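Student: Now for the letters of each chain:
Number of protein chains: 2
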Amino acid sequence: MYDEESIVFEEVRLIWKPDRTSEIPIYKQIADEIERRISYGEYPPGSQLPSERKFAEQLGVNRSTIILAYSELRSLGIIESHTGSGTRVSKDKWEATPRHTPNWKRYAEGGSFLPNLPFLRRIREALQQQPSLIDFASGELGPDLAPVAEINALIRKLPDLSYLGYNDPQGYFPLRQALLSYLEHYRHIHSTESSVLITSGSQQSLYLITQCLLSPGDAVAIEDPSYCYSLPMFQSAGLRLFRLPSDERGVRPEDIRALYKKHRIKMLFLNPTYQNPTGAVLDQERRVQLLDVASELGLPIVEDDPFSLTAYDVRPPLPLKAMDTVGSVLYIGSLSKIAASGLRVGWMVAPRAIAERLADARAQMDFGLSIVPQQVALQFLGSDDFAPHLERLRMKLLYKRDLLVETLQRELADEVTFTVPEGGLHLWCKIRPKVSDARLFEEAIRRGVAFSPGSVYGSDSGYMRLTYARPRTEEIVPGIKLFAEALRSVME
Amino acid sequence: MYDEESIVFEEVRLIWKPDRTSEIPIYKQIADEIERRISYGEYPPGSQLPSERKFAEQLGVNRSTIILAYSELRSLGIIESHTGSGTRVSKDKWEATPRHTPNWKRYAEGGSFLPNLPFLRRIREALQQQPSLIDFASGELGPDLAPVAEINALIRKLPDLSYLGYNDPQGYFPLRQALLSYLEHYRHIHSTESSVLITSGSQQSLYLITQCLLSPGDAVAIEDPSYCYSLPMFQSAGLRLFRLPSDERGVRPEDIRALYKKHRIKMLFLNPTYQNPTGAVLDQERRVQLLDVASELGLPIVEDDPFSLTAYDVRPPLPLKAMDTVGSVLYIGSLSKIAASGLRVGWMVAPRAIAERLADARAQMDFGLSIVPQQVALQFLGSDDFAPHLERLRMKLLYKRDLLVETLQRELADEVTFTVPEGGLHLWCKIRPKVSDARLFEEAIRRGVAFSPGSVYGSDSGYMRLTYARPRTEEIVPGIKLFAEALRSVME
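In order, the protein sequence lines correspond to chains B and S.
Note that the first sequence covers residues 45 to 536 in my numbering.
Note that the second sequence covers residues 45 to 536 in my numbering.
Derived from the structure by calculation, the hints contain no laboratory data.
Bear in mind the structure is a predicted one, so any value in this text is a computation, not a measurement.
Careful: at least some of the hints might be erroneous.
Copies of the same chain are indistinguishable here, so a pair counts whether it falls within one copy or spans any two.
[Unchecked claim] Simulated pairs of lysine-lysine, DSS-like, Cα-Cα distance not exceeding 25 Å:
| no. | residue 1 | residue 2 |
| --- | --- | --- |
| 1 | Lys149 | Lys306 |
| 2 | Lys305 | Lys149 |
| 3 | Lys135 | Lys305 |
| 4 | Lys72 | Lys305 |
| 5 | Lys98 | Lys149 |
| 6 | Lys440 | Lys149 |
| 7 | Lys72 | Lys135 |
| 8 | Lys72 | Lys525 |
| 9 | Lys474 | Lys61 |
| 10 | Lys98 | Lys135 |
| 11 | Lys135 | Lys201 |
| 12 | Lys72 | Lys98 |
| 13 | Lys61 | Lys72 |
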């Protein structure tokens, strides 16, 4: 039914490789492939080509092979190399008259939108180049936790779509109706169809809020640490971020009042249940106090609630939204962390005026979510598979959490400490020896294991997030052993 | 197979209606429903409720019924009415201590993102309230043109998805591969997987370009008229728009040079084949000249090419991208106008560095397109249904175009003139009598027919766009008759 090998296969195909069985020499195959890519516009005139060393590594050939391939292309006038500026596609090869390619580098660096954090891009690059990497970095369910078989079966029985045109900007109406039951049943949130907006996951919900409800220069408060620090969208929107420290009971309501007084914060971003990355739960008493403070100050709270349904044993407190009597809370949820991130189905519950405003803006960005995944989500939420899947997910996550905790206690009892989370996908760890985050990270990648350095979430160095949901069960022990080797190698 | 009535049904359910068979009086049902919506947070304290007149219209009841319902709620202290500021949800009803709802109005009006044009919001509103409206306004294929049966059949046979996690930020790799064949076969564009970015339709491609490659204050050139004027994203990004007039052969290359000299334009947005809204085709000679000018100036061209495959009889010239030797062109395409806009699958072909930059930004906005519609698009492009569907689409569009043209010539020969397009979905019309755009539009809506006023596309008053692809064939004659009545009524 589900073929894990095909994932790896797909990733590998991303990179072209020379055919070692061919009679055409490898260097010539490489030169031909580069020429093809240049002529097809992948590398316009003036583009930088990879260094000989890096290219040789990517293709798994000797550096001398690349030197020969580049030399061949140079002799044809297709590329040119200059000391200090590397190898570039020739600008004046193609025509007799001088022609200019747009200065794409300048365009790529323009725009108000910041690129992703270097660590995150490095993780993505490493995962692409090395599909066998044991992945404790990606914050999602692994293929053994996602309901892949259930969703495939459901797609085959999907009721016919009667209409394939542009959809309601707030989302497919029957899905919004189904979400009302879901929210009531699982989260004790009462709402109406007009207050629900379907999004392409929590990421898009946050993007819409930061782009459309806040202005450059606005101050907002964020937990410390928080996955929000990993999202350059806050900086891209020109927001000023202020930190809310938290203890074992979550953030302290009095800190919010102080921040408001000092910086006139305009919005509060919280992940109160199994917080990402720490796993902390804001306790019931604090929830009530926090809602009081917010309504006293007229301060909106964005409540991101992706993990509540993963609760292993103890039920977490009700979401803020369920106790919100004055409409302070914008509530965000999705299927990404409880079913499949690749479906890209999320939702927001907001006062009607806000839901309509964000739906209008969102229509301008992408004209709404595809009807097909909305139909899949609708069927899945209503199916007999949904509750048993959640039950299995909780058991499997608990098993993986315990396996990770035991392995760390066995392999790195003195070096790594943590608080064991009661739900969610992540273990937040303190690394006790003083080591360089970047060196540890590169050492780990080199040995075949990836994790997320704490600095990604705005914490001081010496922390990391390990996602036990992502690696397969049988990868957890070897993954931690590799990590232990990496840590010991940089401790010396 | 395909049940057209269900569209209408879904739209109607959007609005709650009182139950006329119930023993509970209508006014009481309405009061209860409003109280429910208020208590669920759809209307937080301080929110404005609809006026009695408007609410009565929406629910199809007498105004006196709403007056009674509001009075009931007022007596309970749930809402309050003040002369001049209408009816609002009470602020101090809910708790003994004073509590504040965030000032949602201010948040909704904040943010750099502009709302959609009033005409477009008016059209959307009218279509929601009056599902029987004959729709010449929406720029998409009607249900009789979209391959609904083919896509439903294909979904039932969809190969199992092996992985439901986050996808490659540039898009599903097998779909990018399939697009290379598609682009080569149908558009004579050679490209590589690394240069293709899958988007959620052309709208998202344009959004990414305007947000990530341009900066506030940058000048860009746009055809006059152009659907780009209908997209507030250009203004939201702070771009200055300059118009390129066009004649029957399309835009004039020398105008681009002049604009560049005067305003240092940074990018050129063109829809060279069956332009939206005019239907004009940029001729071959001008295409070559235009590429020359662009490469002389190092000026990037965004080529939006949604309609080429609808060519009725004559093949249009090759796309600019097929003749682009220096990498000046960012090419945009999608399935929206040739298959189904509700799938939300589009693509961009760009130099590798640009494709990667936009993929990174896009991952921050929505974490990429759902895997399910990408899989559907992959299967559809590769299916035996694809070419016959295109063939049928062309024939049906031609038939609808002819029917619209004949009807206009019969009903409004003196009042409406146009150039007959050779492809695309739209007829661009000049309305010869001097009438008010807004009055004509409201008169038409009142009589049951919608069109797009020319001002939406930046043209002077006295123009309109009629989309013959959207209404069902049997709606075209009655639709134009209703429009003719509306026009005559505002001429007097």
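Student: Quick one: which hint numbers does this structure break? Sort them smallest to largest.
Tutor: Violated hints: 4, 6, 8, 9, 11; rest satisfied.
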